[in-house]
Amino acid sequence: MKPLRIALTKGRLEKKTIELFEELGYNCDEVHNKGRKLIMTVGDGEFEVVLAKAADVITYVEHGVCDLGVVGKDTILENGSSFYELLDLGFGKCRFALAGKKNVDFYHGYGSKTVATKYPNVTRKFFESKNMDVQVIKIEGSVELAPLVGLSDGIVDIVETGSTLKANHLEVKEYVTDISARLIANTASLKLRKKEIEELVSKMEAVTLNDNNSNS
Amino acid sequence: MNYNLKITPEGTKDYLFKECTAVNYVSKKIEKVFINHQFHQVITPGLEFYDLFSSESSGISQESMFKTSDNSNRIVVVRPDSTLPISRMVSTRLQNEVFPVRLFYNQPVYRNNPGLTGRPNEILQLGVELIGSVGKRADIEVVTTAVESLAAVSDDFRLEIGHSMVFNALSDELDATQSQKELIKTYIENKNISALNDCLDKLEQNQTVSAIRKLPSLFGGEEVFSKAEEFIKSPKALEAIDYLKLLYQMLLTLNLGDKLSLDLGLVQRNEYYSGIVFSGYILGYGDAVLSGGRYDKIFDNTDMPMGAAGFAININHIAEKARYKSRSNIPEVLVFAKSDDSIMQAVEYTYKLVKEGIKAQFSDLSDEKEAREFAKKLGIKKIEVI
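Protein chains in written order, with my numbering: chain A, 1 to 216; chain B, 1 to 386.
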C-alpha cells in the first residue's frame, strides 16, 4: 500500500506534529535526521512527511499530491478553498486581531479607514461582515510599522502575547478570530483512503483531547 | 516585442499529437457509452447571456465567468456550464418533443479560476441530461451511465452518492438564522468538523442539531445507513435516506463492490440539486472528475416544469493519463515519387497501402535525399520510391 503523504508547515507546527506522531508511537527518526531530504518516512512506512511553507501545504493538498496537511487556521482563512478540514489539533494557538494606536478610537469619524496587513483576504472579509468599506494595503514585513509611520489607521495581524504591540504603543482594538493548527485532507484522498485517514484522525483526536483537558 | 503572441492565456493549452489522440480516445470511449444508452448529441453556443447563470442557484459565481458583451451591450459569458444552456434549449425549442428526452454533449466549458493554481480554465467536458422523468428508474439510468462512463476510461474509480434532501430537510427544521445555516452548509461541505461543532454549540441542543453534527462523518459503505438512522429522526430526511438505500441496493447488483460509496454530507450546489447527487473520483487525481445529480428545480421557472437529472465528466486529467498509453502515430511507410511524372502513381500507391491498413504517408518533399533524411529523423522505418 502506498504511504499516506502528509505535508507539514515548516517550523513550529512541524515540531508539534512530529511530537504528536511520536506520542502515537510512530518512529520519526528520519525526520529528526533529515539532512537535505525533502520526503521522509514516518512509522514503518505508513506515512511520508514533506515539509513546506504554510500556503504551499494547502496547494499540495488541494492538488492531491499530498493526502493530508497540517497548517494554521490563519493560512486556511487567507488562502483556503477546496479541501476538508478534519481536526483542530489544538496547538499553535494565537488570534487574529485588529490593532491600532493606543487611546485612539479606530472607528471614530466618517473618514474611510486604511488597514495594513499581511492577510488581505481575512481583513477584507472581517470588514465586509461589519458592512465597512476600508482600504486594505498589503505589507510583507512587520505590519506594526504601518500605523506608526502614518500609512494606515490600523493593522490586522496575528497576535500571540501582544508584546510587540505594546512595545510600539499599539493595542488590540478587537479580536477577529481564534487560530490553531488544523489537519486538512484532500477531498479525493478522504474518499479513496477513508479507513487509513479515519484511523489516524481518531488516534490524533484522542491525544489532542487529552492534552487539552490536562492543560485546562 | 509582444510576448502575448508567444503564449496562451493562463489555464489554457495547445493539444499536440499524442495529447490530441488521447483526448479523442477518451471522449470517443465515453461518447460510445452515451450513444449505447440512446443519448443524442446536442451542441449549444459558446456564448450565452449572463442572465442564464446569474441566479445564485446556478452555483457558478460571477467571478468565475469570462464575460464580454454583444452588439446591444448586453452581457454575454463564455459557456461556463452546459446544463443550464441545455435546459434553456429544451424548454424553448423542444416543447413538442416526446418526453423524456436523452441528450448528451461533448463541449468545453470555461471558468476563470484564480491565477497560478494550476487548474485548467478550459475544461474538456462530456455529459448527459435525462430530461422529463423522475423517480428511481430515471435515477438508476443516469447513475449506471455514469458508472459505465468511468469504467470505460479508468480501471480504478469510485462513485459516491448522496441525497440533497438529507441536509435540506434537516436545515429546514433547524432553528437558526439564514446566515448561520449558510455557514453550517459550508462547514459540512468542507467537513470542517471543529467549526461545525462551534457553530452548533451556540444553538439550542435538540435532535436536529445532533443529526447535523453527525452529517460530515456519515460517509463510506453500507454501514452509513444504520449509523444515519441512529441519529437522524427527521421524517423528510429519513425518506431521502430510505430512497438512497433502495438505490444503493439496486446498484450493488452490478457487482461494483468497493467502487460504490455513500456520503450523506454531499451538499455541493445544494440550491441546484433536488434529489440524488453523486461524484466520481479516479485514483491519482485530487479532485472529483465526475459530478451530477437530480436538478428538477432548474425547470421550475420555465414554461415546462419537469424532472431532470444528469452528470458531467471532466476529461482533462483522464486524457493526460491516457496519453502515455496511446499508440504511436508515426507512419510505417513513406512513399516518395522519384519524378514529377510518377506523382499520381505514388499518390495512388499510398492510398492502396492505407486501404490495406498500413500507415503510409505520401512524401511532399521533392528531393529524395531530403525525403530520406525526413524519414530518418521521424523514425519512419520504410521508404518506397515510385
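Since the hints were derived computationally from the structure, they do not count as laboratory data.
As the structure is a prediction and not an experimental result, all values here were calculated from the model.
Heads up, a few of these hints could be off.
Each pair of labels, with its calculated beta carbon distance range [said to hold, decoys possible]:
1. A/Lys37 with B/Pro114: 28 to 38 angstroms
2. A/Glu140 with B/Ser64: 40 to 50 angstroms
3. A/Lys138 with B/Asp364: 35 to 45 angstroms
4. A/His108 with B/Val134: 52 to 62 angstroms
5. B/Gly46 with A/Asp29: 31 to 41 angstroms
6. B/Leu47 with A/Gly45: 14 to 24 angstroms
Within a straight-line C-alpha distance of at most 25 angstroms, the following computed PhoX-like cross-link-like pairs (lysine-lysine) qualify [said to hold, decoys possible]:
7. A/Lys130 with B/Lys355
8. B/Lys227 with A/Lys125
9. B/Lys227 with A/Lys195
10. A/Lys10 with A/Lys34
11. A/Lys194 with B/Lys185
12. B/Lys245 with B/Lys233
13. A/Lys138 with A/Lys102
14. B/Lys259 with B/Lys227
15. B/Lys355 with A/Lys203
16. A/Lys203 with B/Lys245
17. B/Lys202 with A/Lys93
18. B/Lys355 with B/Lys28
A few chain B residues facing chain A, derived, Cβ under 7 angstroms [what the hints assert, rightly or not]:
19. Pro100
20. Gly220
21. Tyr281
Even for Gly, the Cβ is constructed at its ideal location relative to N, Cα and C.
(request) Hint by hint, work out which the structure violates, then give me just those numbers in ascending order. (result) When the structure is compared with the hints, numbers 2, 3, 5, 6, 7, 8, 15, 16 and 19 turn out to be violated.
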